[in-house]
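Trainee: So the chains spell out like this:
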Amino acid sequence: MTQVLTTADGVPLKTSLHRTLRRRKITALLLVAPLFVFILITFLFPIADMLVRSFDNSLVPNVLHRTVPLLAKWDEKSGQLPGEKVFAALAQDFKEGQKNFTINRLGKRLNYEKSGMSSLFRKTARKVKRLKEVPSYKQALLKIDKKWGRHDVWFLLKLQSGSVTPTYFYAAVDAHIDDTGKLTMKPEKQQIYLNLFVRTLMLSLLITVITIILGYPVAYLLATLPTKKSNLLIILVLLPFWTSLLVRTSAWIALLQREGVINDLLVWMNIISTDNRLQMIHNQIGTVVAMSHVLLPFMVLPLFSVMKTIPPSYMRAAQSMGATPYLAFARIYFPNTIPGIGAGSILVFILAIGYYITPALVGGTQGTFISNFIAYHISNSLNWGLGAALGAILLAIVLVLYVIYDKMVGINNMKLG
Amino acid sequence: MNKPLQQTLLATLVAAGLATSGVASAAKTDLVVVSWGGAYTASQQKAYSNPFMKANPDINIVNDDSSAQGLAKLRAQSEAGNVTWDVVDLIASDTITLCDEGLLEEINFDKDIAPAPDGTPATKDFGSMIVSPCFVPLIVYSTTFGYRTDLLKKAPTSIKDVFDLKNFPGKRALQKVPTYNLEWALIADGVDPAKVYDVLDTPEGVDRAFKKLDTIKDQTVWWTQGAQPPQLLADGEVVMASAFNGRLFNAIAKEKQPIAMMWDWEALDLDGFVLPKGAPHRAAALKYIRFASDTQRLADQAKYISYGPARASSAPLVGKHAELGIDMKPHMPTNPINAKHSFITNYSWWADHKDELSARFEAWLAK
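Protein chains in written order, with the working numbering: chain A, 1 to 417; chain B, 1001 to 1367.
The following block holds chain B by itself, in its conformation from the complex:
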């Protein structure tokens, strides 16, 4: 027996087990805004929160970077009957699940959300971006491709090139989810992009998509975190990779990596705010959401991160990057040139099939 050592060990374990957390409280209303952290939260702070706090000195915004666990935590809070979050930033598909479960408040767009400067009501200004009554879209991001300009002899220009190992040899990186990958596989296999979900709705269609993915399976690295694909590209681990466009922009414009974008059939998705049912400061939260989602604020955010504003009226106001001074318009996933070939995932189709296809995708990967 070695008592001192044992005690040291025990102390270490106890110390490791005790995570401490402290939230500063002030006399003002503390509005808890949950988002993704990193550069994204920073862009929201600069574009929304700082001007909001200046205009409303009685409200203090507390940031919480828990969006990645947003689904599970929101459900746990609701089941425990103790909701502590006021505003939560989520991607659209997650929102639909939570909205279905009745955990979020429905938003009255024409009443709660600011109209465009020219008076166009919010419902019209957001248009097809309103995919769920509980969800206020803020930005459009896309999952699209980046490739190494120096490691490939030819520049890929179409989604077909991703599946073409002969002309574009080398490893690829794809996200470790069935979403988008199945759609891309079918489009590359020659399916009419407008009919992708009709084809996927049949067992043969799913087989066809997996068969196409089979052709590049042993040349594919699967990523799970958004930071991975730019890193894999920068390290030369892969020659092309699907990635969130904002991450690629950072690698290209900020870090000057030899990477270029391939926008063909970019998969557009939305990110935005939701209001949990039972949020402790409902009125302040609505006020904040209204402020953050107005035309100017969404355009301002594009100065700090290359995600497209979800409002039509914000697009012309997008200017230059705040630090780099480059015009952000060509880097927006919503720019008509980039979005010439693009699709928005069919949320309701995926809500039905995600469980089944995720299981099948994992089984396919493990083989």
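The shape of chain A in the complex, shown without the other chains:
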């Protein structure tokens, strides 16, 4: 016969243990809950919202709810315009859309696909109010604007009649569906985003490499100096880190511009003549220099904290066994710092790829990043769909790079401190 172990108050030990554990779990959950809710509201929800916006097209079927089902039956390959019924439905949709202020929003939406739709919709909406019991809506609409007689306009309406659309993503990679319905690249004169993605990635990579080259010796110095001195030096690293980003960027403008400190110095030393002042800002040089400086602490700090954990005895042991200082560094010290390089690189690269204010201020036309265009579409053109599609692609690129990094270096190998 087995005896059930009980606690002092007679409850079986197993139950009591369960209870305690559960209470602990709940406490832990409650402690994390604020953070979880915070992340959900400020991070996950907006990202989900952005992803939805990048393909959401419900505006078209909602506003043109009479026209869209009829348009489905229209054969665009026939080369004919849709029939009178479709025109009549469109006129009704316009009247309703005019009343609840959705029709011009739709016009603006379709204008992203084809220039001129905005004014066509505005003009038609204004005049359609007066249409009452006309014999032929087709004639009436054609009289308002002869663009309603154009096949490509109707084809666009049909193409965009679904409640989801891939066209924002097409636009984000410089492609579009042409008037014959084929997916093609846009004319070369209008291609921008592919180049920008490539440029953003290449410059971010360059900035990451520069911060490694500049940050490694600094971190080494910090890690090997006696604590008293290294603490002072750490302050020097952190001081710019605590300074406003705008201040640091503006400082670079003062240094790098044509009439700036560096050019003045070079002219004063007679290295260049005053007519040949170097153009070091409002181009890629400006972006790379300023961003490398701004992001340097994110490389130095993880490197430093990893280097701090490498016992100096390793190097001494290697040298005592006959390795030259170079060999000892290459075979012993450097491999031990790789987790720090990995952490620093991934931090710097991911921060750089989404950088926005510094490229906008010092990048000119050649040094701007994709995020500058995302910002443009969110706050200026109000083409939130395209902005969201660009953002979604950027997010996908970061995730893919993260996976590659994980496969190559291993994410467990990363150390932030």
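Where hints are given, some of them may not hold.
Lysine-lysine pairs mimicking DSSO-like chemistry, simulated, CA-CA at most 27 Å apart [what the hints assert, rightly or not]: (1) A/Lys189 to B/Lys1111; (2) A/Lys95 to B/Lys1277; (3) A/Lys123 to B/Lys1124; (4) A/Lys99 to B/Lys1217; (5) B/Lys1367 to A/Lys186; (6) A/Lys186 to B/Lys1211; (7) A/Lys189 to B/Lys1367; (8) B/Lys1195 to A/Lys189; (9) A/Lys77 to A/Lys147; (10) B/Lys1195 to A/Lys114; (11) B/Lys1111 to B/Lys1277; (12) B/Lys1211 to A/Lys189; (13) B/Lys1217 to A/Lys186; (14) A/Lys186 to A/Lys85; (15) B/Lys1160 to A/Lys189.
Derived by calculation from the structure, the hints in this document are not laboratory data.
As the structure is a prediction and not an experimental result, all values here were calculated from the model.
Place chain B on chain A using the hints.
Mentor: Showing chain B alone in chain A's frame:
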């Protein structure tokens, strides 16, 4: 591992992430007026808000300098169903977009806006300045040219000179948008200014404009913020620059920089108030808009900033600058001498083509 450092880092990041904001609330009605900040908001405070609050002690005006993000924020507020702004100052072209989207209230000019002192109804007094039913124009500003008097041998007098690198060598600064630049390129290329938009409506016309811009492309610095061009001129980075006329006035009259104005084919644009749909204090907002847009108030504003009043009846009342004591009339973009050659952007044409041409402009810049 370095725990203290890590903690410091974490604390820094958390502190940086938490932006604090506080809006004082009072027992009075807090009317949120959104504008551009800086000297412009100051001029509105002195000319409109202070006298308004004196006349209406129950209303307290809260300034918000968010107009630069006005478009996006207004749309976000409307989508969230939580409009917190009462009156918003915007440029005309942005207003047309928002009005189209149904985010703004339409204004009944003859009912909601004060007539001129002689009884002329507001619709007539504003005349062609009423470019959208949702928009109450306040000031006319222009994007025009300033040049360095000491760095150029000859003073430029025409828009053609901007594109003439032989006689006017040196860098130029232009705004990093297709608007105005395409129009100027065509006018400088000899297109009849009255037909600029007809020409731009054709693909060949757009090509022609870009081809003209090509001729000065490698000598051009592109600006994005209004404060940049006067600074670029003052630093000698460029010899001539397109800029908002008020900014140039400041650099010339206040900071005494060796800069002069070149008004030829100045591009006029409007700035004014809109009333968001669902504004929390609609009645007070309308009251404020009516007060701010009356003849005297618009004339008063010109004492503090060199932008022209949008009402015809305000023009004769424009006096001297409040601090500098100079007569402001010659500095107004609406002064007939300055505005002899001028144009107002075709808003509806740009509403159609801005997406397409902005993309093309950016692609052109990147090449």
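Trainee: Would you mind marking each hint as holding or not holding in the structure?
Mentor: Going down the list of hints, with the structure as the test:
Restraint check for A/Lys189 and B/Lys1111: the C-alpha separation of about 49 Å exceeds 27 Å, so the hint is violated. At roughly 21 Å between alpha-carbon atoms, A/Lys95 and B/Lys1277 fall within 27 Å of each other, so this suggested pair holds. Taken as a hint, the A/Lys123 and B/Lys1124 pair is honoured in the structure, with Cα atoms around 24 Å apart against an allowance of 27 Å. Straight-line distance between C-alpha atoms of A/Lys99 and B/Lys1217 comes to about 47 Å, which puts the hinted pair past the 27 Å bound.
A threshold of 27 Å between alpha carbons decides the hint, and for B/Lys1367 with A/Lys186 the separation of about 16 Å falls inside it, so the pair holds. For the proposed pair A/Lys186 and B/Lys1211, the alpha carbon gap of about 20 Å is at most 27 Å, so the pair holds. The hinted pair formed by A/Lys189 and B/Lys1367 meets the criterion: a straight-line CA distance of about 9 Å does not exceed 27 Å. A C-alpha spacing of about 24 Å is found between B/Lys1195 and A/Lys189, which places the hinted pair at or below 27 Å, so the restraint holds.
Among the hinted pairs, A/Lys77 with A/Lys147 is consistent with the structure: their alpha-carbon atoms are about 19 Å apart, no more than 27 Å. With a CA separation close to 23 Å, the supplied pair B/Lys1195 and A/Lys114 stays within the 27 Å bound. Restraint check: the Cα-Cα separation between B/Lys1111 and B/Lys1277 comes to about 18 Å, which is no more than 27 Å; the hinted pair holds. Note on B/Lys1211 and A/Lys189: the hinted pairing holds, with a Cα-Cα distance of about 12 Å set against a maximum of 27 Å.
Taking the CA atoms of B/Lys1217 and A/Lys186, the gap is about 24 Å. The hint holds against a cut of 27 Å. Under the criterion of a C-alpha separation no larger than 27 Å, the hint pairing A/Lys186 with A/Lys85 is inconsistent with the structure, at around 34 Å. Between B/Lys1160 and A/Lys189, the direct Cα distance comes to roughly 26 Å. Compliance with the 27 Å bound is thereby established for this hinted pair.
Consistency note: the structure conflicts with the earlier hints numbered 1, 4 and 14.
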